[in-house]
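Engineer: What follows is the residue order along each chain.
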Amino acid sequence: MATTLSPPTVPAALTRTQLLELYYYMRLTRTLEERLVALYRQTKVVGGLFRSLGQEAVAVGSAYALDRSKKDILSPLIRNLGSMLVQGARPLEILLQYMAKGDSLSRGRELNIHIGDLERGFIGQISHLGDMVPVMAGVTLSFKLRKQPRVGLVYVGDGATSTGAFHEGINFAAVQHCPLVVIVENNGYAYSTPVGKQTAAERLADKAAGYGIPGLTADGNDVLAVYDVTKEAVDRARAGGGVTLIELITYRRKGHAEHDDQSYVPAGEIDRWATENDPLDRFVERLAESYAVDRSEVDALDVRVRDEIDQATALAEQSPAPVSAEALIGVYADPPVMPVQWYRERRHG
Amino acid sequence: MAEVTYLEAIRGGLVEEMERDPNVFCLGEDIGIYGGAFKVTEGLLERFGADRVIDTPVSETGFVGAAAGAAHMGMRPVCEMQFIDFVSCAYSILTNYVATARYRSFLPCPMVVRGPSGGYVRGGPFHSQNPEAAFLHTPGLKLVCPATPADAKGLLKAAIRDDDPVLFFEHKYLYRRIRGAVPDGDHVVPLGKARLAREGKDLSIITYAASVWKSLEAAEILEREDGLSVEVVDLRTLLPMDDDAIVASVKKTNRALIVHEDTVTGGVGGEIIARINQLAFEWLDAPVRRVAAHDVPLPYAPALEDFVLPQTDDIVAAARWLAAY
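First to last, the protein sequences are chains A and B. Under the numbering used here, the residue at position 115 of the first sequence is numbered 840, and the numbers go up by one with no gaps. Under the numbering used here, the residue at position 184 of the second sequence is numbered 613, and the numbers go up by one with no gaps.
Chain A on its own, in the form it takes in the complex (with noise of 0.2 Å):
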């Protein structure tokens, strides 16, 4: 695979205010993801930690191309954490959920970044890969049935691509000419499986022509590529012009989960995409030389990064954790709460 490619012949058409945005959403997340390791080591998050490092660029840069203004949404995968920040996502909510608290988006229902708000604009995923697809395919087709200028995007790995779910979700959404993009984010491996073992097709983006829809490929580790892919896609879904399929070629430079000691992963290769291709460093370079954006500039938003999450830290260690009976709450609208365990008691009426 290669580690480069060519950068967008045009380029974004984004002020020098939202380029420092975009640069600031892919520190957050990952200096986010840096602070949620170190509570994981002290035990503080209880359950399973993704990372996204390396790949910041594929959720800043895409979800940039949505408009809040619109009320576009959009379906993370679990590497999508920056696309949730672009929405509002704030990162106290990230490290409540991560944390199991009770305060948290999911009450200390769902785990890692498994959390949705509708006003916002975002729906969390479930862990069977694909499947948020056809969720997406029917929220965008909500739109399409209500004539609404509202976009629907969707993230998806590699492995994915395999699944079922997403063959389904996708050729009904283009079927119906739902205002959905889809994005592949091809980091290389699913879990310890390589991209080889997944598919014969020589590049995910070709699968789009079995869909009768156009399907494009971008630099996933340039976040201006990224969000110039994403909003051609964007802009044609909200004129009527259906799904687009769209492949960002990024790396994968953690494990599955933190867990994941990458035995599986040839010598040399993370370190090659780290030194040669981390997307933040090269958007540093990119600002310096074609926007003047100094240095300082640059570490004054790392300095704001880091102290909003020293803040959101503080107040999410403090925060309590779910009241166990609350887990009997809110299974369904009706009835409000399931019975109170009254199979675990023998009772004579």
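Rough simulated footprint, nothing fancy, chain B against chain A, three-plus residues with beta-carbon under 8 Å:
1) 827–837
2) 851–864
3) 894–902
4) 1054–1064
List of simulated lysine to aspartate or glutamate pairs, DMTMM-like, C-alpha gap at most 20 Å:
5) B:Lys586 - B:Glu432
6) A:Lys869 - B:Asp484
7) A:Lys869 - B:Asp480
8) A:Lys872 - B:Asp450
9) A:Lys872 - A:Glu844
10) A:Lys979 - A:Asp996
11) B:Lys622 - A:Asp1059
12) A:Lys872 - B:Asp480
13) B:Lys468 - B:Glu432
14) B:Lys586 - B:Glu445
15) A:Lys796 - A:Asp842
16) B:Lys622 - B:Asp673
17) A:Lys869 - A:Asp792
18) B:Lys680 - B:Asp631
19) B:Lys680 - B:Asp714
20) A:Lys769 - A:Asp1035
21) A:Lys769 - A:Glu1033
22) B:Lys586 - A:Asp1059
23) A:Lys979 - A:Glu759
24) B:Lys622 - B:Glu700
25) A:Lys869 - B:Asp450
Some chain A residues close to chain B (C-beta under 7 Å, calculated; not the full set):
26) Ser867
27) Leu870
28) Ala890
Calculated directly from the structure, the hints in this document are not laboratory data. Remember, it's a predicted structure, so these values are computed and weren't measured experimentally. For each residue, glycine too, the CB sits at the ideal point set by N, CA and C.
Following the hints, position chain B against chain A.
Structural biologist: Structure of chain B alone, referenced to chain A:
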């Protein structure tokens, strides 16, 4: 009170709900121009247009998932399984995504998955299934199994209006064989409430769907030939299950027989018996018995299918054993 078939009652319920609420729409295979494999949705495309009667690709996971997404956005989709046997193709997304959306993510998921279930029609292993027990074990879903035209309509209307996902099992044997009165006006039957199909004092048959009719037939025979007064409880909804109705009947008759068409092992009957043991054991004068299908895939040949599925004679024999206990 109009006399209609079970199938016409379902169609009537769909039409009324689509007229009442613009958020209600249908999706499934061959439901538009063809009107559905059993013609349940016949005429809906002409009446409501292709945006509200959507012919889908052959993709149960795809359109059930899409229904969930649309439901999150405030719509009320009604999915048709061409045969309920194919709901297993959507099992993962129904149990993992649809059933948990509210609990995990506070996402409303008001949707109905409906379709023809059941045997006695020479449909063979893949057009005769009764998969309700596979979903009984999934918190977050509601399961409805109507037996009469009035219930088919009233429960479907309630299911569409319900804020939770509902699986609606229509019994295909009843589609055109059962005709009955349906109350005029906005006839809605609340989910979770059983129906006393026949009053009795000696023995309770607890059942649902097409087995209600076989149980009523057995009750007639038992009264005529044995002088037994048999009560028949039609559960109507399996999730939530109407424990109060089950317990009230058992306490009254002290003998209970569970009848269902699904296979016996792991079937709904086992759950009902567990509840009776928990809630009314001291009132029992005999062990609770089950009449259900043998534990085999449902075969095609009439001689085989009729042997495997519970018949009226099986119910009569089990009831006599219970009464004599």
